[in-house]
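Starting from the known structure of chain A, fit chain B onto it as the hints suggest.
2 protein chains.
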Amino acid sequence: MNDMTQRGSPVHRRSKGSGRWEGVDCLPYKEDEKARFKAISRQVLFSDPALAAELRFFEVAPGGFSSLERHQHAHAVLVLHGRGQCLIGREVRHLQPHDLVTVPPWTWHQFRAGTEEPLGFLCMVNVDRDRPQLPSDEDLANLRADPSIAAFLRDP
Amino acid sequence: MNDMTQRGSPVHRRSKGSGRWEGVDCLPYKEDEKARFKAISRQVLFSDPALAAELRFFEVAPGGFSSLERHQHAHAVLVLHGRGQCLIGREVRHLQPHDLVTVPPWTWHQFRAGTEEPLGFLCMVNVDRDRPQLPSDEDLANLRADPSIAAFLRDP
Numbered sequence: 001m002n003d004m005t006q007r008g009s010p011v012h013r014r015s016k017g018s019g020r021w022e023g024v025d026c027l028p029y030k031e032d033e034k035a036r037f038k039a040i041s042r043q044v045l046f047s048d049p050a051l052a053a054e055l056r057f058f059e060v061a062p063g064g065f066s067s068l069e070r071h072q073h074a075h076a077v078l079v080l081h082g083r084g085q086c087l088i089g090r091e092v093r094h095l096q097p098h099d100l101v102t103v104p105p106w107t108w109h110q111f112r113a114g115t116e117e118p119l120g121f122l123c124m125v126n127v128d129r130d131r132p133q134l135p136s137d138e139d140l141a142n143l144r145a146d147p148s149i150a151a152f153l154r155d156p
Numbered sequence: 157m158n159d160m161t162q163r164g165s166p167v168h169r170r171s172k173g174s175g176r177w178e179g180v181d182c183l184p185y186k187e188d189e190k191a192r193f194k195a196i197s198r199q200v201l202f203s204d205p206a207l208a209a210e211l212r213f214f215e216v217a218p219g220g221f222s223s224l225e226r227h228q229h230a231h232a233v234l235v236l237h238g239r240g241q242c243l244i245g246r247e248v249r250h251l252q253p254h255d256l257v258t259v260p261p262w263t264w265h266q267f268r269a270g271t272e273e274p275l276g277f278l279c280m281v282n283v284d285r286d287r288p289q290l291p292s293d294e295d296l297a298n299l300r301a302d303p304s305i306a307a308f309l310r311d312p
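As you go down the protein sequences, you meet chains A and B in turn. If you use the working numbering, the first sequence corresponds to residues 1 to 156, in order. If you use the working numbering, the second sequence corresponds to residues 157 to 312, in order.
None of these hints come from the bench; they were simulated from the model. Some hints could be false.
Stated by the list, open to error - Pairs of lysine-lysine residues, derived as DSBU-like cross-links and limited to a Cα-Cα distance of at most 35 angstroms, are as follows: (1) A:Lys16 / B:Lys172; (2) A:Lys16 / A:Lys30; (3) B:Lys194 / B:Lys172; (4) B:Lys194 / A:Lys16; (5) A:Lys38 / B:Lys172; (6) B:Lys172 / B:Lys186; (7) A:Lys16 / A:Lys38.
Isolated chain A (complex conformation) (with noise of 0.2 angstroms):
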């Protein structure tokens, strides 16, 4: 459990020149073995029985990209470093850092790292959550009618 009140102290610091927080576990980004994904880790870095929601932080290496999804429940998204692009809906974003994004309820979205380095986000979510739900198919051909998602959501 990365909950920070039972991890003793008050703050917690990243460590030198990595990605990472001092008492924060790095995770795989998902346990589902379905879903399609690259290079992405995840650290929990609030979660605790006083918020509503956590905040996590992923980080996606050059080349890598979370997993093409909707669901029920809204992200927050925050860039702290890097470069990259999102799919929000219909809609290819590039990316910054401090940029914020919005997905709202059952929008298909999708982050991308750039080639140069990794892109890092936070992302606020409730705890009571639905599981995502993978593109159908058919899904996948709707979203690849347009030509700029086909471009984004190109393999590398």
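Frame of chain A; chain B shown alone:
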């Protein structure tokens, strides 16, 4: 209402060379006139009916400080830039970029910027939360009995 979904675009960029985001209002730190604070602004980065928590950004100018207060709700803080100190309960801690700070329920806390640069931090809170309680003269005397807390609480 600082609701990103109402602001139209899924992505909001930080304005160059400033601690402000495009499309996000810069607000007074507090409306409570009894609270003592100095040189601090507030931006609500995410406040959405689909989210059980809000993510706010506070910027404290050099020499400024947040209100000394406590409440039932918890805070989850991540320092984005600058240096300073915080009081959490009876612990005074130095702060630097990317530090994580947990403020448990009913814990006195205050954030102070150093003298050199602004201190900017994110703060996640539940949407449903109680109003902060300010210290009585007795609470202050109790805190100031500790020399390190007395030094921290000195006004500039």
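Structure-based check of each hint:
1. Under the criterion of a C-alpha separation no larger than 35 angstroms, the hint pairing Lys16 of chain A with Lys172 of chain B is consistent with the structure, at around 26 angstroms.
2. Distance hint between Lys16 of chain A and Lys30 of chain A is fulfilled; the C-alpha atoms sit about 26 angstroms from each other, no more than 35 angstroms.
3. Between Lys194 of chain B and Lys172 of chain B, the direct Cα distance comes to roughly 25 angstroms. Compliance with the 35 angstroms bound is thereby established for this hinted pair.
4. Of the supplied pair hints, the one linking Lys194 of chain B and Lys16 of chain A holds, its CA atoms being roughly 31 angstroms apart against a limit of 35 angstroms.
5. At most 35 angstroms may separate the alpha-carbon atoms for a hinted pair to count; Lys38 of chain A and Lys172 of chain B meet this at roughly 31 angstroms.
6. Proximity of Lys172 of chain B to Lys186 of chain B is assessed by CA-CA distance (about 26 angstroms); at most 35 angstroms being required, the pair is judged to hold.
7. For the suggested pair Lys16 of chain A and Lys38 of chain A, the alpha carbons sit about 25 angstroms apart, so the restraint of at most 35 angstroms is met.
Comparing the model with each numbered hint stated earlier shows that all of them hold.
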